[in-house]
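Chains as they are written, first to last, in this note's numbering: chain A, 1 to 308; chain B, 309 to 571.
Hints in this document: simulated from the structure, not taken from any laboratory. Treat the hints loosely; a few may be bogus.
Said to hold, decoys possible - Here are the simulated BS3-like pairs of lysine-lysine, each with C-alpha atoms no more than 25 Å apart in a straight line:
hint, chain 1, residue 1, chain 2, residue 2
1, A, K131, B, K401
2, B, K401, B, K328
3, A, K131, A, K30
4, A, K61, A, K213
5, A, K30, A, K213
6, B, K328, A, K131
As the list claims (entries may be wrong) - Chain A regions said to be covered by chain B (calculated; three or more residues, Cβ under 8 Å):
hint, segment
7, 54-60
8, 87-101
We treat Cβ as the ideally placed atom computed from N, Cα and C, and that holds for glycine.
For reference, the chains in residue letters:
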Amino acid sequence: MTENLVEARGLTKTFGSFTAVDSIDFDIRKGEAFGFLGPNGAGKTSTMRMITTVSPITDGKLTVFGMDPTTEGRDIRRRIGVVPQEDNLDLELTVAENLYVYGRYHDMPRATIRERIDELLEFAQLTDRRKNTVESLSGGMKRRLTIARALINDPDLVILDEPTTGLDPQARHLLWERLYRLKRQGVTLIITTHYMDEAEQLCDRLVVMDQGKIAAEGSPSELINRYSTREVLELRFAEGEQDEAVLRLDGLADSSEVLADRVLLYTNDAESTQRGLHERGVHPEQVLVRRSTLEDVFLKLTGRRLID
Amino acid sequence: MIATLTRARRTVEAELIAYKRTWRGTVISSFVNPVFFLSAMGLGLGSLVDRGQGNLSVSYLTFVATGLMAAIGMQAGAGDGAHPVMAGIKWRKEFHAVITTPMNPGDIVVGRAVWGTIRLTFIMVVFTIIAGLFGAFDVGTALMAIPPAVLTGIAFQTSMTAFTATREDSTSLTTIFRFAITPLFLFSGTFFPIANLPQAFQWIAYATPLFHGVELVRKIALPGIVPPDVTTLPIWVHFAYLGVMLAVGITLAARFLDRRLRP
Numbered sequence: 001m002t003e004n005l006v007e008a009r010g011l012t013k014t015f016g017s018f019t020a021v022d023s024i025d026f027d028i029r030k031g032e033a034f035g036f037l038g039p040n041g042a043g044k045t046s047t048m049r050m051i052t053t054v055s056p057i058t059d060g061k062l063t064v065f066g067m068d069p070t071t072e073g074r075d076i077r078r079r080i081g082v083v084p085q086e087d088n089l090d091l092e093l094t095v096a097e098n099l100y101v102y103g104r105y106h107d108m109p110r111a112t113i114r115e116r117i118d119e120l121l122e123f124a125q126l127t128d129r130r131k132n133t134v135e136s137l138s139g140g141m142k143r144r145l146t147i148a149r150a151l152i153n154d155p156d157l158v159i160l161d162e163p164t165t166g167l168d169p170q171a172r173h174l175l176w177e178r179l180y181r182l183k184r185q186g187v188t189l190i191i192t193t194h195y196m197d198e199a200e201q202l203c204d205r206l207v208v209m210d211q212g213k214i215a216a217e218g219s220p221s222e223l224i225n226r227y228s229t230r231e232v233l234e235l236r237f238a239e240g241e242q243d244e245a246v247l248r249l250d251g252l253a254d255s256s257e258v259l260a261d262r263v264l265l266y267t268n269d270a271e272s273t274q275r276g277l278h279e280r281g282v283h284p285e286q287v288l289v290r291r292s293t294l295e296d297v298f299l300k301l302t303g304r305r306l307i308d
Numbered sequence: 309m310i311a312t313l314t315r316a317r318r319t320v321e322a323e324l325i326a327y328k329r330t331w332r333g334t335v336i337s338s339f340v341n342p343v344f345f346l347s348a349m350g351l352g353l354g355s356l357v358d359r360g361q362g363n364l365s366v367s368y369l370t371f372v373a374t375g376l377m378a379a380i381g382m383q384a385g386a387g388d389g390a391h392p393v394m395a396g397i398k399w400r401k402e403f404h405a406v407i408t409t410p411m412n413p414g415d416i417v418v419g420r421a422v423w424g425t426i427r428l429t430f431i432m433v434v435f436t437i438i439a440g441l442f443g444a445f446d447v448g449t450a451l452m453a454i455p456p457a458v459l460t461g462i463a464f465q466t467s468m469t470a471f472t473a474t475r476e477d478s479t480s481l482t483t484i485f486r487f488a489i490t491p492l493f494l495f496s497g498t499f500f501p502i503a504n505l506p507q508a509f510q511w512i513a514y515a516t517p518l519f520h521g522v523e524l525v526r527k528i529a530l531p532g533i534v535p536p537d538v539t540t541l542p543i544w545v546h547f548a549y550l551g552v553m554l555a556v557g558i559t560l561a562a563r564f565l566d567r568r569l570r571p
């Protein structure tokens, strides 16, 4: 039997007349990496904040480790690690001191914290930066330190809000690799992201959120199979030719999306669709064949793109 | 209660670690400020006052030095409840990180009050010794007035924290320093006896917190001082005023900070 670490039923968060999270249901199982995918403003961060007990729920039911966030916030927070969207490290302290202070906030004995700091600095590849001030670290290093800080109390559940926003590709990949490692160690991860590649790389299961609601739920491949086709043709046309060409694409693919700068054709057989283009005399400047991604799922579900 | 103090200790530990690196600067200012104030006001201005029609029962230096203990407490406390709190909420956002651990916003408030108490005590000890060297008063007796001066400071610190927690940005912090803290500094009896004010203003002074801090420090540090240099109000009134202000300050600071950090 799989144990649910987090259960939400009809979970709702409103700020005045604005509904940030609109009656959502989800279960997060022990040991999985669970994602909330959606554009900015979809309600992901509000949901995270309710799970971390730093935002009271407006309505519905939420349990974390079977406990009630309203009354057992402290006990929940003892067992979680939080990596916020924006780094909020203590800039007056060194790398090691940031970890130490958090260990103390978690009531850990000093000797245990010191051992843990060594492990975590190793994990975050910051061992040689131990005595540096936080201000001297690069963006990627700060992020890794923030993650290390979230791990100081050896949490059962780690919550990461947009963990790689603002990082360069190399720093992102390094971070992903560290997160895989955590997952292998059996740590349950909750990740919010508006990057579809991040969700595909890291998440076992995810929900697609839009305007406070859950639009779909499943593993990345399930979602792609359910809502998209196997392949996608991306067509780019010469200046001013797209509108006319679109009229001749009708019925050529399973479905299509017309974006400002290109047309997407969803098909399970890219080759025959490409032949069809040729037969109809449609000649795009560029044709790109790729497999479907969660971006396509999101587009299909909401008619909009994840990143504008 | 014990749990709250244990958690408050965590804040103190964190502050101490940071303080280890910044204490030199603090020490210099806590030495230099009293020297400046006591020379300018106590000796400079005091020589005029004592020579003139001044009918004080003590030297002006003595009068000002005791008033300054409370006033400096107020300024340090109010300062501590203003920009550093806004930084924790909005600029550096470290409070947001702290509350993802077992700490609650109320623990941050209590922890900062405890840390403020330690820091203010240190400032006051330095001040008292320097003022003693200036010949302002007997240091042994004046040391007894440190707790009331610190109480004044922490009452301001927690109240200011409550105020800051409700503010969007630092503009209103500047305003409150200009239109509340500075007038209090000038008109609460620090530099002249309240009896010199028109009757209506005396009543206003009675209602303001620094007045009670100043009176309390003077009555304890200078056992021989008599009206009109101080009022005839009993000491417990001043203690009660500041005690209530501290209790209200902590309660509101915890509530407002909670609202701000956990919307």
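Here is what the structure says about each hint:
1. Our distance criterion of 25 Å between C-alpha atoms is met by A:K131 and B:K401, whose separation comes to about 22 Å.
2. Restraint check for B:K401 and B:K328: the C-alpha separation of about 22 Å stays at or below 25 Å, so the hint holds.
3. Of the pairs offered as hints, the one joining A:K131 and A:K30 is violated, with about 36 Å between alpha carbons and a cut-off of 25 Å exceeded.
4. Between A:K61 and A:K213 the CA atoms are separated by roughly 16 Å; this keeps the pair inside 25 Å, and the hint holds.
5. At most 25 Å may separate the alpha-carbon atoms for a hinted pair to count; A:K30 and A:K213 meet this at roughly 23 Å.
6. Restraint check for B:K328 and A:K131: satisfied, since their Cα atoms lie roughly 14 Å apart, inside the 25 Å limit.
7. Counting residues of the segment 54-60 of chain A whose CB falls under 8 Å from any CB of chain B gives 3; the rule of at least 3 is met.
8. Counting residues of the segment 87-101 of chain A whose CB lies closer than 8 Å to any CB of chain B gives 9, so the stated coverage by that chain holds, three being the minimum.
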